[in-house]
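*Asks:* Okay, here's what each chain looks like letter by letter:
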Amino acid sequence: MSAPLIEAFELTKQFGSVQALTGLTFRVMPGEIYGLLGPNGAGKTTTIKLINGLVDATSGSVTVDGFDPTKNPIEVKSRIGYVAEKPILYDSLSTRDFLEFVASIRKIEEITATRIVTQLADAFGMEKYFDAPIATLSMGMKQKVALIASLVHQPPVLLLDEPLSGLDAKSSRLVKDLILLHTQKGGAVLFSTHIMEVAEHLCTRIGIIYQGKIVAEGTLDQLKNKTGNKNETLEDLFLKLTNEETEVADKTRILGDVFFKNEAA
Amino acid sequence: MLTRHVYWGMFFSRMKLLEVWNLSRLPYKEVVFRSIAEERGRMWWGGFGRGHLGGDAQNDHELTKKALRIAKFDKSLVAIFNVLAAVIPFMAQFFGSPILGLTSAIALSLAVTFGFTALYAIQTLTSFISPESSALLSTLPLEERDFSLITLFSFVRSVDYIAVGAIISQVAMVAYYTMSPLAVLVMFAISAVNSVLAVAVSLWFARIFTRNLAQGGRSRGTTILRFLFILMWGSLLMGVSLLISLPWYIVPSLEMSLLSSNQLSIMLFCFLHPFSAGVTIANISQSSIADSTSLVAAVALVSYVILAGFAGKWIMSTVKRISYGIDFNISSVTTKDFSLKPHKPLFGYILKDLKIASRNPATAFFFALPVLETVIVSFTIANFEVLRASMFLVSTFMGGVFVLLMPLALLNAEGTGLEYTKTLPLNINRIITSKTLISTLTYVPVPLVLLVMAFLKSLSSPLILLIPFFVILAVASASIFEIQLFLSCVTQGKINAILHDVKKLVVGVTTLAFPLAAYAIIYIISSNHLFAVLALGGASTSELAIAFHLLKYNKNLR
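Heads up: the sequence lines are chains A and B, in that order.
Counting from 1 along the first sequence, just add 1 to a position and that's the residue number in my numbering.
Counting from 1 along the second sequence, just add 888 to a position and that's the residue number in my numbering.
One thing to keep in mind: the hints can contain errors.
Stated by the list, open to error - DEER-style ranges, computed between Cβ atoms:
1. Met140/A - Glu1031/B: 27 to 35 Å
2. Glu198/A - Glu1031/B: 44 to 52 Å
3. Gln120/A - Arg1209/B: 39 to 47 Å
4. Thr220/A - Lys1224/B: 41 to 49 Å
5. Lys87/A - Val1282/B: 47 to 55 Å
6. Gly32/A - Arg957/B: 23 to 31 Å
7. Gly1426/B - Ala124/A: 58 to 66 Å
Unchecked claim - Which residues of chain B face chain A? A few of them, derived with a C-beta cut under 8 Å, are:
8. Phe961
9. Phe1226
10. Lys1229
11. Pro1230
12. His1231
13. Gly1236
14. Tyr1237
15. Ile1244
16. Arg1247
17. Thr1304
18. Asn1315
19. Asn1317
20. Thr1321
21. Leu1325
It is worth saying that the hints were derived from the structure and are not from the lab.
The C-beta atom is built at its ideal place from N, Cα and C for all residues, glycine as well.
Generate coordinates for the entire structure from the input sequences, incorporating the hints supplied.
*Replies:* Here you go:
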């Protein structure tokens, strides 16, 4: 059996008095798409940042392709393609300038960089935006630039934090196909999403994170077995496992009051 | 608060001016927040007082308050400088200058405040040149007149302290020196005209810069145009050097020109703003100038008032177009060529730094530093026949101090993009090296100018020519220390942030001054240039060695 591309063991992260992660343990194998699902503030982005070496863990360990991001940050970052939840790029650079910068830092040959970027830019329909400053691009276009930049060095590991936000249907489909192709080639993908349908259809395994802990993990069928109801959707499962089912029902009642009990002043 | 009623949280009706002014705080807050959050639009001291903005733990309200505090701090500091700039020409004699005539004092005061106001406005207004700042307002059922006024007032808020400070101080100075109500009235009018013209020029610059950026492309024309703008910014920056050089160089030459018997030069001065104001006001209080001259000055003054009226109207219509998002279109050029030209990592980083800094209006004019240094150094030693070590020490120090702002500006220009860079397999030392190389290169004109001067004049000792070249090492070390400090910690709280920034500048200035002090001390003790130069070389080389040694212990960027 091959070694995991991402392995987190008893990861803990504390920000001041806030306990962001508590003993998080999971692994992502080559060819696997691991979906990290959790409500806002559950610790998804912190987990991704820890793996990428952007923050240090308070305790526990994490490795990417066997490398520790604290001790070998360059090795780890060379193996990762990362797309942040809100793509923060250099706004005054054009897409071309930005990708040239990324390719330079990642030491990619001109021929390889041009070939990969041409294919990806063509696929994502970047013809009109390739020489436009990033500041003028829509959120979706920025997301595409970030995606191309994350793939230009053909990394074995993709860390995608809400990668589909802002994308149109066509691009969204393309990204999903791209994720599948990446894993078919033996790569690993860890991605966080709020879109249950995407996780349901795309992920090999799902980890539900709640208050900094993985409260359930497994394939969709394994998760359904945990709750004992095979007809449940992932959304139902998610709300049940994160103890939000009752809360959602209460809030829906309040929303009903907003619409039907309040008359316009 | 509103004159009529509120319905579903939205308001309509024609509002009073005070209400409009109060409401203009909202889009102003948005502009300020955007510029600070993106680390754009900060003043030229780069990240001065840069606190931790954007932390996950902070809520939006706290962030907005913090952004407003930072903007208020920036604005207040520039307003204080502006008031000083307005007052100093009237008191030039206290700074060792001959007593300055009222004409020259008024003209210089207006010129320098024009420069400062424009310099500040040009950097803050770039965040304003976007319909996003009034996007929220545009969803409300406001009358067109109210909407336009709100956006105009939010624009005025960006320079309010600075303009008001300049106007009050100039009017007060004229009142004190002339005791003439008419002179005071004219000064008030022309001071306001001066501010309107400064803001109009800045808006024009900022708008063209943003349009240039938005329309993108890779055209050579765009690049040349940007370079021209940078040069023009450089000339605006001369306002600052004008202030520094004022008592020693500008005042005597100006006085001589004004007192000369050359009618053509006098007429020319009378026609040009701000000299026309100086001549007119001086004439009101003293009547010492020929009638024809004062008439030309008065006519010119009226023309400038009319011009300011047109500029004001243009500002209003431009602000309106900006707020409606119809000021200019974003063009997109279809390309089939997706080829990339990657470079070596360090060169790639330098290229990126140069691109983002030159496209950011708040930092672009730093590329005019070499021009500024050349002027300062030339001014400092131009009047001397024999160049001595002390002149070399002073001019290299002055040139070097300007360069110390460059690393902070380059880091500031990175803005939030630095967050992306942190995800790349990049050693922190590469970032430091890139910024250090760029900063050090901007210092190179100083030794070159001194070298040229050495050919034109006599030297007290040929060895002193080595001073500016050794200082290159000190400049590089100072840049490294500053950047290390900048990247080493993110401070919490305004006071800590200011202290941290003061620390950066103190470390930078000390690093620069130490080899020069070593030279001075050894020369005083030994009266030998060779020993002094050796001390200078030893000190600057040691500093660079320490800087390189510190780089070894850098952790990864996070």
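*Asks:* All hints are to be evaluated individually against the structure, with a verdict given for each.
*Replies:* So, going through the hints one by one against the coordinates:
no.: 1; hint: Met140/A - Glu1031/B: 27 to 35 Å; verdict: holds, 32 Å
no.: 2; hint: Glu198/A - Glu1031/B: 44 to 52 Å; verdict: holds, 45 Å
no.: 3; hint: Gln120/A - Arg1209/B: 39 to 47 Å; verdict: holds, 41 Å
no.: 4; hint: Thr220/A - Lys1224/B: 41 to 49 Å; verdict: holds, 43 Å
no.: 5; hint: Lys87/A - Val1282/B: 47 to 55 Å; verdict: holds, 49 Å
no.: 6; hint: Gly32/A - Arg957/B: 23 to 31 Å; verdict: violated, 52 Å
no.: 7; hint: Gly1426/B - Ala124/A: 58 to 66 Å; verdict: holds, 60 Å
no.: 8; hint: Phe961; verdict: violated, 24 Å
no.: 9; hint: Phe1226; verdict: holds, 4 Å
no.: 10; hint: Lys1229; verdict: holds, 6 Å
no.: 11; hint: Pro1230; verdict: holds, 4 Å
no.: 12; hint: His1231; verdict: holds, 5 Å
no.: 13; hint: Gly1236; verdict: holds, 3 Å
no.: 14; hint: Tyr1237; verdict: holds, 7 Å
no.: 15; hint: Ile1244; verdict: holds, 5 Å
no.: 16; hint: Arg1247; verdict: holds, 4 Å
no.: 17; hint: Thr1304; verdict: holds, 5 Å
no.: 18; hint: Asn1315; verdict: holds, 7 Å
no.: 19; hint: Asn1317; verdict: violated, 12 Å
no.: 20; hint: Thr1321; verdict: violated, 13 Å
no.: 21; hint: Leu1325; verdict: violated, 15 Å
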